[in-house]
Structure formats: structure tokens, C-alpha cells
Amino acid sequence: MKKRAVALALALASVALADDRAPAGAPSLPPEDTSIARASTDAAMAAHAERVVDYTLRATLDPVAHTVHGEGTIRWTNASAAPVSELWLHLYMNAFKNESSVWQRQPIGRFRGGAAVRDWGAIDLRRLVWKREADADLLPRLERSRPGDPDETDARAPLPSPVAPGQTITLELAWDVKLPSVVERTGYDRSFHMVGQWFPKVAKLEPDGQLAHFPFHHLSEFYSDFGTYDVTLDVPAGFLVAATGPVVERRAEGGRAIQRHVQSDVHDFAWMAWDEAVERTERIDGVDVRILHHPAYAAVAERELAAMRFALPHFRERYGRYPYSVLTLVHPPDTAREAGGMEYPTLITTGGPWWMPEGFRQPELVTIHEFGHQYFYGLVATNEERWPFLDEGLNSYAEAECLRAWLGPGSASSLLSLGVGDHVAQAVSSRRFVHDEPVARRAGDFVLGQDYGGLVYGRTATVLETTARVWGKPAMDRAMGTYARTFRYRHPGPADLLAILRDVVDPRAATAAKVALFDKGWVDYVAVEAVSRKPREPAGLFDRGGKRETVAATSGAEGRYTGYAVVSRRGTLSYPVDVLFVAEDGTRTTRSWDGVGDTTRLPYEGTSPLAFVVVDPEHKVLVDQDSTNNMFATGARAGAPRIMERAVYFGQLALEVALP
Amino acid sequence: MSALRLRPASAIRARKHPLAVAFAWLFEATFAVALAHPFYASIRGVYGAHPDGDLPLFSPDGLEIAELFMRSEGTTRALVASSTWVLAIAVVLGHVRLGALVAALALEREDELPLSGRDALGRGAARLFPLLGVQALGALFGGALLALGMGLAGKLHAHLLQTSIDARADRWAIAVVVPFVLLALTTSVALDLARVGVVVTPGRARDGLRLGLRAFAKRPGAAIAGWSARAALGVVPVVLAAIVASRLGGRPGASLALVLAAHQIAIAPRVALRASWLAHAARIVAASRPAATSAAAPAAADASPEPKAQPEGGADGGDAAAENASTSALATR
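Residue numbers (the working numbering), protein chains in the order written: chain S, 43 to 702; chain P, -5 to 327.
It is possible that some hints are incorrect.
If you want a taste of the chain S side facing chain P, the calculated C-beta under 10 Å gives, among others [to be verified]:
id, residue
1, Arg169
2, Val171
3, Ala294
4, Gly297
5, Ile300
6, Gln301
7, Val304
8, Thr377
9, Ala447
10, Trp448
11, Pro451
12, His465
13, Ala469
14, Arg630
15, Val656
16, Ala696
Source of the hints: derived by calculation from the structure; they are not laboratory data.
Source: prediction; values computed, not measured.
Beta carbons are placed, not taken as given, at the ideal position from N, Cα and C, and that holds for glycine.
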């Protein structure tokens, strides 16, 4: 008990420290003497999370009416330093209740959740009682919505008396859920039932005693305290169930299948029930990996298992051991694709059609991405509403890193000789949105779904990939590993990430990342000009010995050329770059430019005239806004024979189709 | 100009007319270059400034090609628009090519002088508009078939999705579409016979069209088998070329020459197979001529010099019948 109290105190202190560093807006870099633990091995990781909230729930599914009846208790501890006089409960299923919810009122477009709700969903809280000497019914005073805002996803429960710091309370509750048709990660599609955000959930308690509550927004995900979930699920016999945590008890009763799942050190619980599913299990890297899918999706499921065989040890090596005994994958039918591509603790949903060709790596990509969220969301439990880039962005980087390590450069797609890397897809697709909105902003503040997708996922990953390329992948691996291990079971903010980039990689890396993420930072390197000639004596009029002499231009010394290249850096980001000089005789030399100024003149000297200059020839600066202006030819341009050959060939094939 | 008449069926062989096949290839290659050049010029405008030219566009992670694609959205649209015009011109002139090719394969001069390229092109040009009419007819009929198939499949798919997994619905929809696709392909086979009929028949094009379609109706098996075998064979060189190109593509040095050779070695047999098919179609058309077939066919069948396993007529037991029929009945002017 004492040991636990000490651990709790230490955890509280660390959370408080992390929050002190977490900024309200753009963070300034922490001072040099910050005491971030450079945990590069698992030994430095926390073994368990601070246990703030425990849920003991029972849920009964009616798959015909698509309803869930729930009841149970919430045991909640005021782990903050201040008394708490109100609780906030997230009733997110009400996002699908009517067109007055925040989710319905703010169509964001060009992102997930765009489909219309064919069948409304809702959650109705039937009972909410604070169990104590004199039970207090909280339901009559529950504020389901705010004046002027009919949204019912974020309910306020005033408490009859404040909960003191360290005090634990128990709430009894009962509720009914009507699942919507599958939309925005949850709902039903025929007998497939994906049940997420289905219970009244206490908002995350911050160290100052405030609860980080927010309505269900189109682009926002979640943020919660760690705890233990003990959930008993009651479904009709014949339904396979996937849920957070391992099954600790299973029985059949009156045509019903009942199973109990218990999992500690997690901050959410979701489940799926489906009577058309089959399952496969495999022990991978010490974890029982289970995948549920329709038999028609067996081939895709095998690909997803293959992805896990690589990803589990890969992530363990980089970001620390996966701490849970189980990991369950659900591949929803393509008609329920909105339920796919989602992460919950120890439970992920993948996605993609049953016929996806091998060369398109969507199943592998989605699987690894959602598994990566077990780290960047699950274990490093950042505030997904306030700083979505911290989970989606870092996880997109981790996903691309893993896919490339596994599948090579054509990690997103590879058809014959045409390959596209995941990191390339992220970089290229995010460039068009760079000037639209800052990356580091609230999920709810994004105006367009395409900005959110391009910037939060792609741009963040590209900034981190650039850091890895410019300052070295080993340094970036250390930084990501340190971040993931240091903040396991904690709730870090952007300043924590930037501090690690500064300390582990380079101060310039941290500065560049901050500008790129918070200030819409961008950069475009340009090869402006290149000149070379034989060195010779200056020509012109010279006054020597009291007389004026005319010196004619000479042809210069043979076999030696001097010149320069002018290179510019446009934009607000700055990275050191290499500049390649190619002489007419094919000689190649590389010079480095620190990239600090706006424009620089780099000298050239060689035995042959300068023919070409290329800035950043290895594309280390993946955030370069336009790499097609990185090249300059002093004279004759090179050809494009391969393009001509391919274009003619495909033209011939096209003509064979079109001609009679 | 001397009158033209159908060759004996045994003489309607694509391999006996390499220059005509070469002309067909040259026509295709010329228009392919016309289609490709604007794209080439556009890309060279950017990557000509790189010391390795367009080699970076073949990088294994696809960065340069992806960036170029994203960055040149507007340019690509303009290039595609201009290429569409080139393609349209190619399609129109392609009917002259088809007519000339069929003429070169299937017709000869009555004065027994060799059929010149000019003769063949003249026949092709003379039949341009009728051939365009056949094309329009085929596009309408084939398009209607495909639209009907897609429509039925879509309705079935939507219905099945109410009660079963999408994979099952997808498979049933495909099962519904496939017969319509096969029907559309069959239509295109029939239209090829109609095209041949239009080219080899003197006088009204309508008679030629009728002749071609009647020939298909009489011997659909031979026509479909002849077309299918060649179509299947035509896939092989493309696959082989793709394998070679994927192994060698994007490497510096001699790989470009090897890929070029692989691609053109893939195209050449496809052009030859097309010519072979047209010759096969001409033999079928000739065999369906009513006037002489009854008398000539039995004797001709015995006398046929063509073994059945011949690649251009292997599936065509009636080639020999076409021989005599064609010589006597299809004289044209």
C-alpha cells in the first residue's frame, strides 16, 4: 500500500511536470536544463499507469434492435491537487442522435465520417448515483447540454459535495445505447456491431483539478485517464466477440454467450460482436494476436497477420515492449468501412476490400498504423483533441518507418517497377496544405478535413522524416524511443517532444520542428544560377607606373575552371543541405550549405566546366516544398529518354485498344 | 487501276505480307510518338536540368515521379486534352490503316501485278466512311451491352448487400457483368468480320456489312476461337516485357536499350497477331460467299494446302472452302 502511494505521488509529480511544460498555444522550447529522462531502454519505462478510474460494467447486446443495455460502477479517484466539485461525462453516442449535435452541425468534408447517418444512434443515461453513506442521485441535476447549444455529447454532473484530492468515489450507473448505422468508427452494419464510445465516460482529470472535456467533434478523437476495465459482455450465442483486454471468464446461458474481459493500464474499452466472423489466433512476440474477419476476407487477414509478425518486434525494439497479453484485430466488411482503421487499447480495426491486390499495401499500412496507436495514443496517452498531431503525426512517422523497414522503398504500393514509399505519399500529399492551417492546433479548430488529414498525419510525419534524414536516423530512432519510453502511461504535450528532439537530436531540429508544426513553417530550396570559366588575369584599363594600360582578355589557363552556384532558401524553415556540382566531364563534387541564410554563393573549382548543380540531391529535406527547382543546367540539358520510351510504349498499347 | 479480287484463301496469310504488317506497326509507332512527345517535352523541361536526366523519376520510392505528378496537375490536364485530339485523329486514320491492311492481306489485282501499297491505301481510304459507320455501330451496341450489364449488376449488388457480405455481392455482380463483357467482345469480333466484309466487297458498303455479319452468323465458333486464341497469345509478350522492364527499368546505361527492345519485341507480335486475325476473318468472310461455296467447297476442302495447325487458321476448318469461293466470287473494283 505504501509502495503504491509513493508510486502515485511520483506519478502525480511527473504528470504535473509534464503539464507545466505543456503550453496553451505555441510552446517555447524548455530551458536547457530540463530533466527529461533519456530512457532508451525498457528498464526506464514505467511498469504501470496511475490508476485514476476503474470501470466495472456489464453490457447486453440486442443485435436485432441494435441496442446495448449497460450497467455497472465507476470508481474514480481525484488524482489532482485540487478539490473537484463536478464531473464531466462524455456521452458520445449522442453525436448520432440528431442533426443538432456538434458532429452533425459541423460537416468537415474530405475525411472520414462523411457518410450520412441512415439510422440514428443515442445513449440514454438511466441511473447515476454516487454511492456513499447517503446515496446521491446525480441524474436529476445532470446537465446534458449547454444553454444555446443542443449538443448532448458532453454532460456536466455537479456533485453535492467536492471530492477532495486523493479521495475515491464510486458511481453506480445504468444506460441504454441505440447504435447508429455504421458511421464515424461505431455502429452496426447488418449483424456486424462495432461498439465504441458506448458508455458514460468520465473526462480526463488534469493536475489542476479541471476535467478535459469536449464534445464529440468530427475530427477529434479521445483523451482519458488510465485505469482498469472489467467488462462483462452478453451477446447471443453464435456471435464472436472482440474486445479490449483478455477474456478471463466465459460461459453460455440461455442461448447467450457471456464473456468477461479485464484489462488494467488502459484508458478506453471497445468491443465488436458479429455472427459471420471467423477467427485466427497466433502468438507473436509473446502476445496472443487474434484476428476476426469474414471468411471471404481470409487472404487480407493473412496479410494483416503478416504485418503484425513484423510490427510487434519492430515496435518493441524501437518504442518499448508491448505490455499487454493480447492484441485483437477486427477486419470489418467493406460496407462497414467507417468502423475500420480505428484504435482502442489492445483492439484495433483494420480495413480494405477483400480483393485488394498484393501490390497495394493498404491492409498492411492500416494494420501497422492502428497497431502503432497502441504506443502513440494507447501508452503515450496524449490529448487527441488538443494536440492531434502528437498521436496521429508521430504514429504516421512510426508507420512509415516500420513499413519501409519491412517492405523496402515501395512500401505504400509496388507494381512491377513502379513503387511509392509511404513516407513519399505522406510528403507529397501534405505539401498542398502547408499554407492553409497550422499543424499543431485543436482537432475541432480545423476547417477542412483534408487539411486535418494532410497536416496532422502527413506533414508531421514528413517533418520527423526530414529530421531523421538530415540529422541521421540513429538519432531520430533514439529520440522517438526516448519519447515513447519516457512518457509511457503519461500524457505528454508538444513541449516534451520538442525537448527530446533538442536534447537527443539537435537544437536546430527542435526549432525547425516547432516552426513547421506551430507556425506553418515551410522551405523551398532553389538552384538559382551556376557559372564557371577558366581563371585568367583581369582585363580592362589599368593605371600602372603612371601609365594607363589596356589589358586584353585572355583565354585563361587550360585544364582549370572556377565558378560558383547560387542557391536560395525560401520560406521559414532552415535545414543544412548538400549541393552537388557536376562537371561536363562527369566529375561530381558535393558541398554543404548550413542553410541559415536566404541566398548563398558556393564556389566551384574543377578541371572541367560546371554543367549541373543540384541542391539536396538525396532529398534529405523531404519537407522541401518544390524539389523540381532544385536543379540547374549551365548549358545543354539532359534528355528524358526513359520517359520517351515508356510513353511511346504505353501509347502503342493505348492505340491497340483504341484503333480498329 | 486494275480491278481487285480476293486472293485464294490459302494466300490470305499475314506472314506473307510482312511489309503490310510493318506498315501497321509503323502507323501505330508514329502516332504513339505523337502522343508521347508532349509528355516527354514537358518532363524534359524539368528534369533536363538534372545531370541524370529523367533517371531520378525511376527512383524506387517514387518520390520524384509522385512529386512531378502532383505538381503538374494543370499541365497534365492540358497534355491529356491535346493527346485526346491526337488519339481521335489516330482513330479516324486508323480505319484507313485497317482498310489498307485488309486489302493488302486479302485482295489482289486481276491483272496479276503485285498489289501496291497505293492500291491498298486507296482501298482503305475509299472505305473510310463505311468503316467509321461500322465503328459507330459497334460502339453503340457494345456500349449498350456494357451499360445494361453494369446496370443489372449494380441493382443486384445493392440488393445483395442488404442481406449478405459485400464479397458475395461483389462476386455475384461480377458474375452478372462478365457475360455482358463477353457479349461485347463477341460483338467486336463480329464487327471485325463486318469491317473485312466492307473492305473486300465491291459496291455498297451495306452489302459488305451484311456479308461480314452473315459470315459471323454462319461460323461464330471459328471466328471467336480465332480471335480469342490470338488475344490470349497477345497478352504473353506484354507480360514478358513488363517483367523485363521491371527488372531493368530505371537503371542507367544499356538498360534503356534493353527495355526499348523488350517493349518493341512485345508490340511487334501483337501487331502481327492483329494482322493474322484479320486474315483469318477474311477467310471466314470469303467462305460465306453464297454463290460459289456450294460447288467449290468440297473439292477445295480436300485440296487445301493449309494444315489445320497453322497459326493463322488453325481453328478454321473452312479456310479451304474459302479459297475457291473467294477467287471466283469476290472480284472487286
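Inset, instruction - Compare the structure with the hints numbered earlier in the document and write down the numbers of the violated ones, lowest to highest. - result: 1, 2, 3, 4, 5, 6, 7, 9, 10
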